[in-house]
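Top line first, the protein sequences correspond to chains A and B. Residue numbering for the first sequence follows the working numbering, starting at 1 and increasing by one per position. Residue numbering for the second sequence follows the working numbering, starting at 1 and increasing by one per position.
Quick caveat, the hints were computed from the structure, so don't treat them as lab data. Glycine included, each C-beta is placed from N, C-alpha and C at the ideal position. Errors might be hidden in some of the hints.
Label pairs and their computed distance ranges (CB to CB) [as the list claims (entries may be wrong)]:
no., chain 1, residue 1, chain 2, residue 2, range
1, A, Pro-122, B, Thr-23, 27 to 37 angstroms
2, B, Asp-42, A, Ser-134, 39 to 49 angstroms
3, B, Ser-172, A, Glu-26, 22 to 32 angstroms
4, A, Ser-134, B, Trp-194, 50 to 60 angstroms
5, B, Gln-25, A, His-84, 38 to 48 angstroms
6, A, Leu-126, B, Leu-107, 29 to 39 angstroms
7, B, Arg-20, A, Glu-193, 38 to 48 angstroms
8, A, Ser-134, B, Met-132, 21 to 31 angstroms
One letter stands for each residue in the lines below.
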Amino acid sequence: MSLAVRFHEAVALLGRYPALAGLDLEIEAGEIVLLQGPNGAGKTSLLRCCSGLLEVSSGEAQVLGHDLRRERRSVRRHVAMLGHENHLYADLEVMDHLRFRASAAGAARVEIKDAIERMEIPARLLRVSTERLSAGQRRRVAIASLILRRPTLWLLDEPHAGLDSDGRVAVDRLLRDAAAAGSTVIFASHELERARSVATRTVHIVGGQATESVDVA
Amino acid sequence: MLRDALLVARKDLVVEWRSRTTTSQVAPLAVLMLVIFAFAFDANRELLQRGAPGLFWVAVLFGGLLIVQRTFAVEAEDGNRDALRMSGLAPSGIFVGKILSLVAQLLVLEVIVLVGVVVFFASDVERPGLLMVAALAGTLAYGSAGALFGALALGVRLRETLLPLLLIPVLSPILLAGTRAFESAFGLSTVGGWNWIGLLCVMAAVYTAIGLVAFGPLLEDG
């Protein structure tokens, strides 16, 4: 297996606050890694560093073979990142939004249909503006948008947030399918029981450092 | 880059089409300004006709500010700036797309304001060709400056109040040159309007050139 993510003594700053404080972590391609830890531990910052959105100021950091300290923008094409926000344009209808994301990612129309089916978005919602959707429906559209990017690395912060039971099952299936296809998944969740049922490994993050790594049977 | 620009412009115009902010809110506000000008000048037709070119551009300047605000506010909502950074779209393409969408919305606003000027102030357009070219050049200059400074204010928490402070001084030369060109088009001045149109084109080129270079870093660090 090749390494998808490698951090060695990596430091990332939010202002003067070290969000990552000498983090050491290696993740192989095809793994589904659950990040655990208390609020403010550095889970979201780690995801943002992996996506190239947050700069790694010292140490070593490679994602998908790209050195984040020199070429963090180039990794973004291969990554799908879902934060606490859903990245939706409030005035766009769901279909408008998916078409825009698909065009930006160079995805074909048939892939939009596939993403809609995988996230089980009802046809009646496709002509509804995203601001009129419920929190769970918005999350489904957000994740469908990520599918269109055909990512090699999935970075998800609380992907189950707001979803009903069917939506959670759809997300779990998506993550397993992605890993089975060779993609790597890193996600943070406070819903530990469900998250552990999907993950192949859990990594504990405390104070911007990875303190413990446990394989999940 | 052109593909990315058209993609972003199309998305922005669909957002505008769905919300109809320009036609339902900004344009009525600009027309309302014309009415207030009429009251302020005590319905003095001669004075209003004399000042019509300047009043047109003042109404467009302030109405356009709302369009610029709106065009960049949608990128600040719900983490869309991160999504834009992650999109793989060329920053220069995003910048040109923003200019295109701003120009399209400003032109709609200008048509409505121009109708208002003709109706309320009984102004006559003597040189419609000159007026159209001047409006287009002024709109390009406004759109490029708006896209540049909209990006500058994008990551700032108090952007709603900061953007007018940054943009109005930058737009003042555009207002001046546009007014002079329109005076010629309205037959109020014998000075050639084409020189002012040339100046507007230079301003559009300068702001576009700066934006092409600066938009990427502004999107990353703003």
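The hints, checked one at a time:
| no. | hint | result |
| --- | --- | --- |
| 1 | A/Pro-122 - B/Thr-23: 27 to 37 angstroms | holds, 31 angstroms |
| 2 | B/Asp-42 - A/Ser-134: 39 to 49 angstroms | violated, 55 angstroms |
| 3 | B/Ser-172 - A/Glu-26: 22 to 32 angstroms | violated, 57 angstroms |
| 4 | A/Ser-134 - B/Trp-194: 50 to 60 angstroms | holds, 57 angstroms |
| 5 | B/Gln-25 - A/His-84: 38 to 48 angstroms | violated, 30 angstroms |
| 6 | A/Leu-126 - B/Leu-107: 29 to 39 angstroms | holds, 31 angstroms |
| 7 | B/Arg-20 - A/Glu-193: 38 to 48 angstroms | holds, 47 angstroms |
| 8 | A/Ser-134 - B/Met-132: 21 to 31 angstroms | violated, 48 angstroms |
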